[in-house]
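*Asks:* Please work from the sequences and hints to get the whole structure.
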Amino acid sequence: MGRLVYYELIKTFLKKRTYIGFLVVLVVVPLFVIAMKIEGGRFLQMTTRSLQQDFFFVGNLFNGWFVAFYMMNSLWIHIPFLISFVAGDQLAGEATAGTYRLILIRPVSRARIFLSKYYTTGIYTVSFVGFLGVLSVGLALLLLGRGDMIILSRGLLILPAGDVAWRFLVAYALAAWAMLTIASLAFLFSSFVENAIGPIIATIGVNVIFLMITVIPAELFQTIRPYLYTTYMDIWQRVFDDPIPWSRVGASAATLGGFSFGFALIAWLIFRRKDILS
Amino acid sequence: MTGDVILQTRDLGKQYKKRWAVHHLNLEVHRGDVFGFLGPNGAGKSTTIRMLLTLIKPTEGDVSLFGRSIKKEREEALRAVGGIVEKPDFYLYLSAFRNLEIVGALNGGVGRKRIQEVLDLVGLGQRASDSVKTYSHGMKQRLGIAQALLSDPELVILDEPTSGLDPQGMKEIRDLIRHLAHDQMKTVMLSSHLLNEVEMVANRMAIINKGELVTQGGVADLLDKGEKYVVVRGKPAATLRATLKEQKFVKKVVSRGDECEVTMSFDDIPALAKTLVNEGVEVQALIPCRSLEEFFLSLTESESKL
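For the record, the sequence lines run as chains A and B.
Per this note's numbering, residue 1 is the first one in the first sequence, and the count goes up by one each step.
Per this note's numbering, residue 1 is the first one in the second sequence, and the count goes up by one each step.
Among the clues, some could well be false.
[Claimed, not checked] Pairwise CB distance ranges, derived in the manner of DEER restraints:
1. A:Asp275 x B:Arg112: 47 to 53 Å
2. B:Tyr93 x A:Gly145: 27 to 33 Å
3. B:Lys71 x A:Asn195: 28 to 34 Å
4. B:Lys71 x A:Gly205: 36 to 42 Å
5. A:Asp163 x B:Glu73: 56 to 62 Å
6. B:Arg112 x A:Ser127: 41 to 47 Å
7. B:Gln184 x A:Ser127: 40 to 46 Å
8. B:Ser136 x A:Leu142: 47 to 53 Å
9. B:Gln184 x A:Tyr227: 56 to 62 Å
10. A:Val215 x B:Lys72: 48 to 54 Å
11. A:Asp275 x B:Thr215: 27 to 33 Å
12. A:Gly250 x B:Gly109: 38 to 44 Å
13. A:Tyr227 x B:Lys71: 34 to 40 Å
14. B:Arg112 x A:Gly257: 37 to 43 Å
These are calculated hints, taken from the structure and not from any lab test.
Because the structure is a prediction, the values reported are computed rather than measured.
The beta-carbon is built from N, C-alpha and C at its ideal position, and this holds for glycine as well.
*Replies:* Here you go:
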């Protein structure tokens, strides 16, 4: 299996499309951090204007931690889009290229080929999220320095400087776990069709619709939400709560794992019976 | 020449909705055969080969490779089989060598020496490190054969291996097939819609039409059922034609300038040569020809009329 995964990684990482996501992150993150360094102070002042009437802020609250946390919001839409570029191509790309005819006539089971592709998708997803984390946190700290971390998403929370780094580590690990669900969804769509464009569009479409249902405060959607993976994708944000709701984080992580497994299982059921006509 | 049966299909069939692409197909390929699998376009050749190589699942029947069912013992059955299905496609952004490394890994691991060996065999040794996207169609076809041979299989299944090649490329592939059969002792199953291709390289063959087996047997036996004719070239053309038409053993004459295609028994060739010389014809050539073409067309056309 190790050898199959190794060659799947070679196939994936020698493909140009694999680097689209890395390239986008490499361009956008420095641009965002530099823009924040130039104008970000004003941004923080604007967002905390109402709070400044009741609170007196001391020290450097506009720092690397604040900007790095802010950039994690790309995990809702932008990063899933970039991940689906690769995950959606894993199976459909072989059909498009006609290379199913090269690999599926070998004395190796479809199960092993499927698993090696799924593992590779997972490795790509984790490495991509890791790259985003290292670059955004590293660059933000480098240019904007450290300090206490102000969190404005649910009221006002200030975390002491010494209590932040490990939270980012855990948050990115959980983000990678959540992104595996997106990757699994794209992988599932990839098993249906013979062109990678379809899985990418379908993944983004489903993600956007599910997110809308998750965030729009309508009674109508209340009953649907528990069945959508997007409901549980905020686990990385929960790590910045105080205290951290570990039981909720654990339950969400397990649910996301269930979704990933379910998507992969359906993809396998399709793949194992698939007639290769391309 | 031929040994025990190493590939056998039993009532093999594939149905798409209500249409049977292949139906009740029973083939036998013996060890040492160059087996021609012949049929017009759309006859079901590629569907059959895809079933043999487990790319599509049969609706009915089974395939046995080296005595092992592909349904029950797929991996073991495919271990000594290499193949190309239709046009060979590769990871275009990778080198030929890297592509073969990937194929090798799927075959359980193949050494660098063996990869270079098969690339040399198909004449791509010098281009091993070039990415496949820079290859011509003929080179990709040869790389296709290289990947089929990589694990040194006993049975090589080639689906239309000369498709899209120029005459020189077609000859190279035919020579390679002969080399595989005669020098490397491989069993080759060759699918084609080109009669002369099968005639030139195969010793046994099957004809398929509309998904069903029309006939199967030795090429020589089937050739005997086909039309025999002699191409006669000589001058003057008018005397040649007139003399040919007067002979009782000549059944039919089709003239094309200085050349006539004469339907007759090969036993009468010496008598024909003597008569032509006596009549003052300057004989330039007497070429005995046998062709599957008439036989093939009669079989496939009669099937089509049903």
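*Asks:* Now look at each hint and say whether the structure bears it out.
*Replies:* Now the hints, each set against the structure:
1. Taken as a hint, the range 47 to 53 Å is violated for the pair aspartate 275 (chain A) and arginine 112 (chain B), whose Cβ atoms sit roughly 35 Å apart.
2. Our hint of 27 to 33 Å for tyrosine 93 (chain B) and glycine 145 (chain A) is violated, since their Cβ atoms are close to 43 Å apart.
3. For the pair lysine 71 (chain B) and asparagine 195 (chain A), the supplied restraint of 28 to 34 Å holds, since their beta-carbon distance comes to about 30 Å.
4. A C-beta distance of roughly 38 Å is found between lysine 71 (chain B) and glycine 205 (chain A), which places it inside the suggested range of 36 to 42 Å.
5. A beta carbon spacing of about 60 Å between aspartate 163 (chain A) and glutamate 73 (chain B) agrees with the range 56 to 62 Å that was offered as a hint.
6. Checked against the hint of 41 to 47 Å, the pair arginine 112 (chain B) and serine 127 (chain A) fails, with Cβ atoms roughly 28 Å apart.
7. Checked against the given bound of 40 to 46 Å, the beta carbons of glutamine 184 (chain B) and serine 127 (chain A), roughly 44 Å apart, stay inside it.
8. The beta-carbon spacing between serine 136 (chain B) and leucine 142 (chain A), approximately 51 Å, falls within the hinted interval of 47 to 53 Å.
9. At about 59 Å, the beta-carbon gap between glutamine 184 (chain B) and tyrosine 227 (chain A) stays in the expected band of 56 to 62 Å.
10. Between valine 215 (chain A) and lysine 72 (chain B) the beta carbons are some 52 Å apart, a value that agrees with the proposed interval 48 to 54 Å.
11. For aspartate 275 (chain A) paired with threonine 215 (chain B), a C-beta distance near 28 Å keeps the hint of 27 to 33 Å intact.
12. In this structure the hint that glycine 250 (chain A) and glycine 109 (chain B) lie 38 to 44 Å apart at CB holds, the actual value being about 41 Å.
13. Take tyrosine 227 (chain A) and lysine 71 (chain B): their Cβ atoms lie about 38 Å apart, and the range 34 to 40 Å holds.
14. Between arginine 112 (chain B) and glycine 257 (chain A) the beta carbon distance is about 40 Å. The supplied range of 37 to 43 Å therefore holds.
In summary, the numbered hints that this structure violates are 1, 2, 6.
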